[in-house]
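Number of protein chains: 4
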Amino acid sequence: MLIVMNPKATAQQVDEVVKFIEHKGFQTHISRGDVHTVIGAVGDKTIDMRDVEIMDGVDNIIKISTSYKLASRTFKPDDTVVDVKGVKFGGGYCGMIAGPCTIESYEQMDETAKVLAQTGVRVLRGGAFKPRTSPYSFQGLGEEGLKIIREVADKYNMVVASEVMEISQIDLFVKYADILQVGARNMQNFNLLRELSYVKKPIILKRGLSSTIDEWLMSAEYLLSDGNGDVILCERGIRTFERATRNTLDISAIPVVQKLSHLPIIVDPSHGTGLRDKVLPMSRAAAAAGADGIMVEVHHSPSNALCDGPQSLYPQDYDKLFNDIKVMLPLVGKQIN
Amino acid sequence: MLIVMNPKATAQQVDEVVKFIEHKGFQTHISRGDVHTVIGAVGDKTIDMRDVEIMDGVDNIIKISTSYKLASRTFKPDDTVVDVKGVKFGGGYCGMIAGPCTIESYEQMDETAKVLAQTGVRVLRGGAFKPRTSPYSFQGLGEEGLKIIREVADKYNMVVASEVMEISQIDLFVKYADILQVGARNMQNFNLLRELSYVKKPIILKRGLSSTIDEWLMSAEYLLSDGNGDVILCERGIRTFERATRNTLDISAIPVVQKLSHLPIIVDPSHGTGLRDKVLPMSRAAAAAGADGIMVEVHHSPSNALCDGPQSLYPQDYDKLFNDIKVMLPLVGKQIN
Amino acid sequence: MLIVMNPKATAQQVDEVVKFIEHKGFQTHISRGDVHTVIGAVGDKTIDMRDVEIMDGVDNIIKISTSYKLASRTFKPDDTVVDVKGVKFGGGYCGMIAGPCTIESYEQMDETAKVLAQTGVRVLRGGAFKPRTSPYSFQGLGEEGLKIIREVADKYNMVVASEVMEISQIDLFVKYADILQVGARNMQNFNLLRELSYVKKPIILKRGLSSTIDEWLMSAEYLLSDGNGDVILCERGIRTFERATRNTLDISAIPVVQKLSHLPIIVDPSHGTGLRDKVLPMSRAAAAAGADGIMVEVHHSPSNALCDGPQSLYPQDYDKLFNDIKVMLPLVGKQIN
Amino acid sequence: MLIVMNPKATAQQVDEVVKFIEHKGFQTHISRGDVHTVIGAVGDKTIDMRDVEIMDGVDNIIKISTSYKLASRTFKPDDTVVDVKGVKFGGGYCGMIAGPCTIESYEQMDETAKVLAQTGVRVLRGGAFKPRTSPYSFQGLGEEGLKIIREVADKYNMVVASEVMEISQIDLFVKYADILQVGARNMQNFNLLRELSYVKKPIILKRGLSSTIDEWLMSAEYLLSDGNGDVILCERGIRTFERATRNTLDISAIPVVQKLSHLPIIVDPSHGTGLRDKVLPMSRAAAAAGADGIMVEVHHSPSNALCDGPQSLYPQDYDKLFNDIKVMLPLVGKQIN
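Chains as they are written, first to last, in the numbering used here: chain X, 1 to 337; chain D, 1 to 337; chain E, 1 to 337; chain G, 1 to 337.
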């Protein structure tokens, strides 16, 4: 941490700051420039920087270290490759995840999975619990849904990804799913993250709607803090002033995260755009930018879907998407599986 | 719902839309303008509007009804006045809430509450569980903290407001607190909201960092849906591109919410700005805009606070704030208590 | 325009609205639903919708027609292909534009253009006037710069694109440049746009930093209104809360604009990200999403550039970018030139 | 400027950075902490910080000095009080500006000014040139309008404030107006700002729709750079994701600017909210937060206004606003005139 003093700060004000910082357990060293005096503070204590920011004579406080450590590329320079029963995310691999928003019935999952498996997808997604913005909407099949997706995935030699909503559901998901997903609204549900850090299964952590990349990596740090290294980040659109799309899919988060962190980053263009006809171009864009995976909503009959039909692809559209991406991956040094 | 067809839409495309809408359980009526044909759809079913938006020949879909009903002023034209043991929020009243970010010890709460009670504050706030953005920070005293705040509040004839973080904590909060608070990060934790709708205590619902007012009122709808009418909305800053403040406190949310809804809206300038010297001017601004309450962080010794010290007021600063607001309230037709 | 009345609106309030609307020169027709009465207003007059929004009994006003007409795909269903001396943007073509931020000297332009021409680039860009955020920075070579870029472009059989900053400079740019560019800060400089609508040269219109796509197309409408149909839209990043990149490049604007408008849309990943190492992945992403052109800053010696060096590519990096894109274009049905 | 090196940066990488910085004309000094080496750079040269940011081994660059100097409170600790023929903005004064969006006719201005003058307003505003988002709207009376507002203002002993749109209009405005206004869309029109810096009349500089406070003060710096010290900043709403208001009026900008700068800051709640019924509460909020002035749109017959009628107050509403503010000002140590 560096404390930049005001050009007109008095010697006494500098002293006060130094005293305060040292009292908090830091070592200090002072650099006097022509204009500003800068106080460096070194130590492993935590401090709320605003405590210093409001002291007299202080212009500015600068955080030097990132808040996350285990998630940073400085800590681990090599790409983390998450391997789920042979399906790989990160490094030279781009993992493909597809399936409906919500598990509705065995028939629905079976029809969808059959087509996806033929295309080459190895990860089947589907939601079992669906808390919706309106209290008057369909809320999901619960455990019954998890049984269905497990059975169907096994039939087609696929692995299961599904979203866990709260601590009380964790055991259920550990039992039925191979990959647990944390939704955007739970990205800073730190109680849930802490419990999930004890789980020995890969976790997809979606970016919050208004979360900076820095905060996102801090949430990943929670998941990593108990030793589970299999965290996959998922960009799914941020909230901006633009109204033509539901959210603005931040494709540049891919190269940014890949520079700051060793964790794989995948992209969800279905939620990111909210409209079916934008999913194909944005999936291609994500792959071209170097994404470590693509997660797409596919439904065998979108107009009858109980949830998110309008952003779900028809299986045949997905087929084109899958093949386009397969052609593009060599350009970015990646492959599927 | 109104479906605006493209000027070049064919008669068949119009038919397809009508058929689809009616199949979903709506009644339709068609208006043919010089340029656009508009299809009105009436019914009490829910539909994902994007399902229609992507049909051929459709230009635009327009939602006419708000998603929330119980929270709307159309449903209940008169102001809701929430009365907590005589402390009132809404209508002609502006409720004052103050206290530290976190309950740290009996002494801390006692010293703070004593001064606040003398000033005239009747609602004491304090956090018992503190999940933090960093896994390496102080996490709160838990039930021990709730006991402390209860005891201190009783001593000074105050009521207790405290934030509940997850479903498993609800019973504890019902036992010790008079007002339960839902934090910004939980504004769309619909599982939690549903459980809280069964609780017969007033609830403060903070606005999410990137939530529209419409979504906020929809979350209030969840709380109201089981009959608990005592919901207080709390504006605490939204995320924007501006970096000089932690968030941008949306003061205009006060008159906007008061037009759309009958629920009281209070303001939290401590979290909204993140810096002590901005709390006084922004509290005055909130009161001048007609806020139904002001919630402020106060600590008897901010530089020793375990949490949010830099945005906490000294008790003597709070005294000035309280008195400034008391002078201003008659201008907006309000009073304290 | 549709006026949705409040469920509790009185017959007299409906009458007042109808009278007002007809007084403004519109024809009206009324639909009475179970809940809402909706008044449709048809006519070619303009009206500030808020005038009606604040009338008693009115819930909501809905604009049906887009504000832009000439720029819309409804008006012109086929892609506009802008052809600048054989270089094409739009339809089956992706135009490549490259060059330094600022024209610094003949040597600089010559060295850069030579390499670019060899790679296959046919459009040379470079700024002659450089108003900077700080009044203390380099401000551009002016007409001298335009002479240089013209001479160099002719030598390598390239065409010239350069940014015009204000009305008084238009003649100069018509004389020396083949494509005139309007910068993001001038996107709503309507005086400038109107003057440019009389110019018979293609114009690149950059998106404003906080402009919606709707506003952007409205600005294009200004340019089109006097008959000049050669307008190229350029996405260059929007302002969001994210701080890891200078702006958030809105790649989804590509498919959105291509649905709403017939005009070509190109992407500028140099300004969109602000950092060299993000330019390659984001250029590929833009091409994969179907961009009608890519504009990139290239400098033969970025560390000596007078402007935007850190976001400028080295010529050899650009070579890789150009070739990657050439490989990808067939996937989206496009080619260069 | 401070350059924070990566914990794993080599000695040679540190050397390269030092060499580069010194080559650019800076003096350097190195602090070696336990984790990071930090290089301080001192000098009066300008440099694009990203040039260093992309060097090997560099983690982060930190700007210490603000980009603006003349606008900062460090440069001038005392409040600037702008005095326009006895009407004062800043320090202990809150200046009141009112009038219609656009000058439409002598009668309109006369009727409006008469009422405003009686209320106590001394500054009359009105637009003469009105470039609109749509090319099909009313564009203003031009010089004719300026003559009208001048004549009417003189009749009622008021001063004139009006917006200048481009360089070619400056002479006209110097002739007729007492205060020149720069609109939000021109906040970064640096050519215009530079020319205005030579004008010896007070200038109101509106904040751009997506401009940070830092950028705003940088634009003020342009205006101050040739000696004209009479700059008044005007907050008028920023663009956010919230859709219930046209923009989000950033009331917290008042205390933030007053800490960073000595310049007066006024607020325009008419553009900031876009709706008449929000203007009164937001004006009060601005005054309560310590604004140095309030600018409001008033029209004698809003429903017939050619521009912005829905956000214009009726004269009688304005009367209440004026009086409310007069009552509140003593609380913030201010008065009118």
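Certain hints may be false.
For identical chains, the list gives no copy identity; a pair is met inside one copy or between any two copies.
[What the hints assert, rightly or not] Once the Cα atoms are required to be at most 30 Å apart in a straight line, the calculated DSSO-like pairs of lysine-lysine come out as:
no.: 1; residue 1: K85; residue 2: K8
no.: 2; residue 1: K114; residue 2: K259
no.: 3; residue 1: K155; residue 2: K326
no.: 4; residue 1: K63; residue 2: K201
no.: 5; residue 1: K19; residue 2: K326
no.: 6; residue 1: K201; residue 2: K19
no.: 7; residue 1: K320; residue 2: K200
no.: 8; residue 1: K8; residue 2: K259
no.: 9; residue 1: K259; residue 2: K24
no.: 10; residue 1: K85; residue 2: K19
no.: 11; residue 1: K19; residue 2: K200
Because the hints were derived from the structure by calculation, they are not lab data.
To see whether the hints hold, each was checked on the structure:
Proximity of K85 and K8 under a CA criterion of 30 Å is satisfied in neither setting, with 63 Å inside one chain copy and 34 Å between copies. For a Cα distance limit of 30 Å, the shortest separation of K114 from K259 qualifies neither inside one copy, at 37 Å, nor across copies, at 32 Å. Taking the shortest Cα distances, K155 and K326 sit within 30 Å of each other inside one copy (25 Å), while across copies they are farther apart (41 Å). In this assembly of identical chains, the alpha carbons of K63 and K201 never lie at most 30 Å apart, being 33 Å within a copy and 42 Å across copies at closest.
With identical chains, the CA atoms of K19 and K326 are never at most 30 Å apart, being 60 Å at best within one copy and 39 Å at best between copies. In the homo-oligomer, the alpha carbons of K201 and K19 never lie at most 30 Å apart, since the shortest distance is 46 Å inside one protomer and 46 Å across protomers. In this assembly of identical chains, K320 and K200 lie within 30 Å of each other by CA distance neither inside one copy nor across copies; the values are 35 Å within and 41 Å between. Proximity of K8 to K259 under the C-alpha cut-off of 30 Å is restricted to the inter-copy arrangement: shortest distance 15 Å between copies versus 39 Å within a copy.
In the homo-oligomer, the alpha carbons of K259 and K24 lie at most 30 Å apart only across protomers (27 Å), although the nearest pairing inside one protomer, at 33 Å, exceeds that limit. Taking CA atoms no more than 30 Å apart as the test, K85 paired with K19 passes in neither setting, with 55 Å inside one copy and 46 Å between copies. In this homomeric assembly, K19 and K200 never come within 30 Å of each other (Cα to Cα): the closest approach is 45 Å inside a single copy and 48 Å across copies.
When the structure is compared with the earlier hints, violations turn up for hints 1, 2, 4, 5, 6, 7, 10 and 11 and for no others.
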